[in-house]
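As they're listed, the protein sequences go chains E and F.
Quick note, the first sequence lines up with residues 26 to 217 if you use the numbering used here.
Quick note, the second sequence lines up with residues 178 to 745 if you use the numbering used here.
Keep in mind the hints are simulated off the structure, nothing from the lab.
Check before you lean on any hint, since a few could be wrong.
[What the hints assert, rightly or not] Interface residues of chain E toward chain F, partial, derived using beta-carbon atoms under 8 Å: (1) 29; (2) 34; (3) 48; (4) 67; (5) 85; (6) 89; (7) 108; (8) 121; (9) 146.
We put the beta carbon where it would ideally sit given N, CA and C, even for glycine.
Take a look at the letters that make up each chain.
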Amino acid sequence: MRNLLRSLRWLVASVVMLGLIYPLLITGIGQWVFPFQANGSMVQYQGQVVGSRLIAQQVTLAGLFYPRPSAVNYDANGSGGSNLGPTNPALIQEVKKNLEQVLHQNPGVTVAQVPTSMVESSGSGLDPDITVHDALLQVPRVAQATGLSVDTVQNLVRQNTRGRFLGLWGVGRVNVLDLNLAVLKAKTETAP
Amino acid sequence: MTVQGVAAILVTVGLIFLLAIPLGGYIYRVFMGQRSKLEGVFGPLDRLLYRVIGVNPAVEMDWKAYIRSLLLVNFVMALFVYLIFRLQGVLPLNPNGIHGMSWDLAFNSAVAFITNTNWQSYAGEQSMSYLGQMVAVTYLQFTSAATGVVAVIAFLRGLVGHRGTSLGNFWVDFVRVQTRILLPLAFLFALLLVGLGLPETLLGAQAVHTLSGGTQIIARGPVASLEAIKQLGTNGGGFFNANSAHPFENPSPLTDVLEIIAMALIPVALITTFAQFIKSRAHAVMLYGLLVGMLLVATFIIYGAEAAGNPIVHHLLGISGPNMEGKEVRFGTSMSSLFTAVTTSTATGAVNNMLDSLTPLGGMVPLLLMMFNMVFGGIGVGLLNILMFLIITVFLSGLMVGRTPEIFGKKIESREVKLAAAAMLVHPFVILVPTAIAVATKMGTSSMLNPGLHGFSEVLYAFTSAAANNGSAFAGINANTVFYNVTLGVVMLLGRYVSMVAMLAMAGSLVKKAVIPESQGTLKTGTLSFGLVFIAVVVIVGALTFFPALAIGPIGEQLQMLSGQLAH
Chain E
26 MRNLLRSLRW LVASVVMLGL IYPLLITGIG QWVFPFQANG SMVQYQGQVV GSRLIAQQVT
86 LAGLFYPRPS AVNYDANGSG GSNLGPTNPA LIQEVKKNLE QVLHQNPGVT VAQVPTSMVE
146 SSGSGLDPDI TVHDALLQVP RVAQATGLSV DTVQNLVRQN TRGRFLGLWG VGRVNVLDLN
206 LAVLKAKTET AP
Chain F
178 MTVQGVAAIL VTVGLIFLLA IPLGGYIYRV FMGQRSKLEG VFGPLDRLLY RVIGVNPAVE
238 MDWKAYIRSL LLVNFVMALF VYLIFRLQGV LPLNPNGIHG MSWDLAFNSA VAFITNTNWQ
298 SYAGEQSMSY LGQMVAVTYL QFTSAATGVV AVIAFLRGLV GHRGTSLGNF WVDFVRVQTR
358 ILLPLAFLFA LLLVGLGLPE TLLGAQAVHT LSGGTQIIAR GPVASLEAIK QLGTNGGGFF
418 NANSAHPFEN PSPLTDVLEI IAMALIPVAL ITTFAQFIKS RAHAVMLYGL LVGMLLVATF
478 IIYGAEAAGN PIVHHLLGIS GPNMEGKEVR FGTSMSSLFT AVTTSTATGA VNNMLDSLTP
538 LGGMVPLLLM MFNMVFGGIG VGLLNILMFL IITVFLSGLM VGRTPEIFGK KIESREVKLA
598 AAAMLVHPFV ILVPTAIAVA TKMGTSSMLN PGLHGFSEVL YAFTSAAANN GSAFAGINAN
658 TVFYNVTLGV VMLLGRYVSM VAMLAMAGSL VKKAVIPESQ GTLKTGTLSF GLVFIAVVVI
718 VGALTFFPAL AIGPIGEQLQ MLSGQLAH
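In isolation and in its complexed conformation, chain E is listed as follows (with noise of 0.2 Å):
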């Protein structure tokens, strides 16, 4: 009986210390000093919150980068990944389906040019990056549908390359949605 009592004043305790306090106290301190961060990074483009640039969006314009392919139809509320085993025929179809539609889309590109990121889905659903291969591959694309010339489209794509982190860590990767931002700024820019 003690130690119930015990217990249930433990579980008063810890519960407001744990449970309220440690979680309410960061929430303070990071909307304070990192707010653009704790609020999601969400981007605004032209006065309007057009996405956060840790996720990925779904991309319908040509003259946009796509980001990969999402098992979960970019939907941020219910992030996924296809969960397709190595021998699941499903896996093939979808991989096929996306395969398919990157040569569709990007004319001149080969089957053997496609890495796998580009046409197999991210863990997320959600995955913000493409490899730099990827968007060099998308480059032809971009550049006639905006009317960018290739050198320009490329030196966007250089200039929102990040390396892997101190030179070891991760995968040099572009972040779709910066990229595509750089696009459109640098389509306002030259637009008569």
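Got chain E; can you put chain F on it based on the hints?
For chain F alone, kept in the frame of chain E given last:
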């Protein structure tokens, strides 16, 4: 595999040790009651909590009193969290209008968090209110980690005690592990994570107008505070369905490295704590060498298998490269492989890639690491498992060379061996029996996503993960059914508490024994040769018990994949 990829893995593992060894010494000092440099902060907080709970910190407990308090407070906390899950729909801090959980899902989830498993039959962004994420998930991620730590500390006191009965005071240990270890670490780590891009807000999901003219609802919330203790406490239950693959939980290679270090930190540190308790550096060196060896072998097998990619995709579609299905570009294969090996070694269960989409060999390694359940292992309980295997090894070695088995100066007798064997055997039992039932019934098989051998692996993985209190999944399986919620819940409870009670009972019997000084006739247990016997015992027990199941699942599927056959 690339040079940078291999170097990234080795440097990360090196960093873990750089941080964990000093922390291990600190943990030892916390439980020896030594004053901290921040005693002015910790001291009053501890005393306040003792007063609120109503305990006299000077009282000592024998093993029965210790485990009784442990189990009772675990039960009370689990019940509270169960009610939160049921009622979250009508409770505050629910800006996204999430509903309460069904009874079976709430049972499964409450058990998952109290047992440090963090199995999730639900998707966080759709089924958990902010209140649930804070006072249920984040909360139990602290207390379940603390429960693991105090259990092994009590055991170590039994190991070094001389003709005594006391294992310490449960409440004092339980308070101190929160105030002096978990809370300060989580606080600093959470702030760092916010700075590195994790959201920490009470605002609801944000609707945005995308560049292509569509709308996207972006879920967010108090993520960083959960993420910090999720990793540090070897919990693994994510804020979002995609866990640490989600860019809001793990936005960059840097956060990935930090999250890997965080989940290994305390399990690795506790081996130093253990060595300080028994005053033997040799044991720490021996265990570190062997366990790191196992971890690296595991990591490089996954890395090799994933970097080689899926030959069927290559043959049928003509593209080649690493297996990127279920992986994120920013981590690549190298950091995905290390994360996978560390999360299943340390019983964390967080994932930064979808394990269901790994190649069969790449998926077998995490399965095996959970079957071993002692490559560092979960916070506290991992070291308990290591000690259990050490005791079984010393018993077997004693039989082989004809000596009375003794370890750390304590005679190992019939009672200890029986308890160790019970703790050891419960693990395969609660994996293989439910797996057999699930694959033999429609209730079990109808939840599989993938056909053929991979479907079997999904079920085997689920019960292995539950038994090892890991929480990672071959997540294609639909576990949110009454059958899986209940069976997995029961397996998690048995996997957690049977061995914990058995080991504390053993501590209760060890503490009464006299410490025998080392002599010529003592079998040296801190040596490489003893360590190799120890690994052999672990591997034989693991391999022999689980080999048939592994043959049906990942081994069979690997052969199938190499021969280019699809399942049907």
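Status of each hint after checking the structure:
Interface hint at residue 29/E: satisfied, since its Cβ lies 7 Å from the closest Cβ of chain F, which is below the 8 Å cut-off. Residue-level restraint check for residue 34/E holds (minimum Cβ-Cβ distance to chain F is 5 Å; threshold 8 Å). The criterion of a C-beta within 8 Å of any C-beta in chain F is met by residue 48/E, whose closest approach is roughly 4 Å, and the hint holds. Interface hint at residue 67/E: satisfied, since its Cβ lies 6 Å from the closest Cβ of chain F, which is below the 8 Å cut-off.
Checking residue 85/E against chain F: minimum C-beta separation of about 4 Å stays under 8 Å; hint holds. For residue 89/E, the shortest C-beta to C-beta distance to chain F is roughly 6 Å, which falls under 8 Å, so the interface hint holds. Against a cut-off of 8 Å between C-beta atoms, the interface hint on residue 108/E holds, since the closest Cβ of chain F lies about 3 Å away. At a threshold of 8 Å, the smallest CB-CB gap from residue 121/E to chain F is about 6 Å, leaving the interface hint in force.
With its C-beta approaching chain F no nearer than about 6 Å, residue 146/E sits inside the 8 Å limit, and its interface hint holds.
Violated hints: none; the structure is consistent with every hint.
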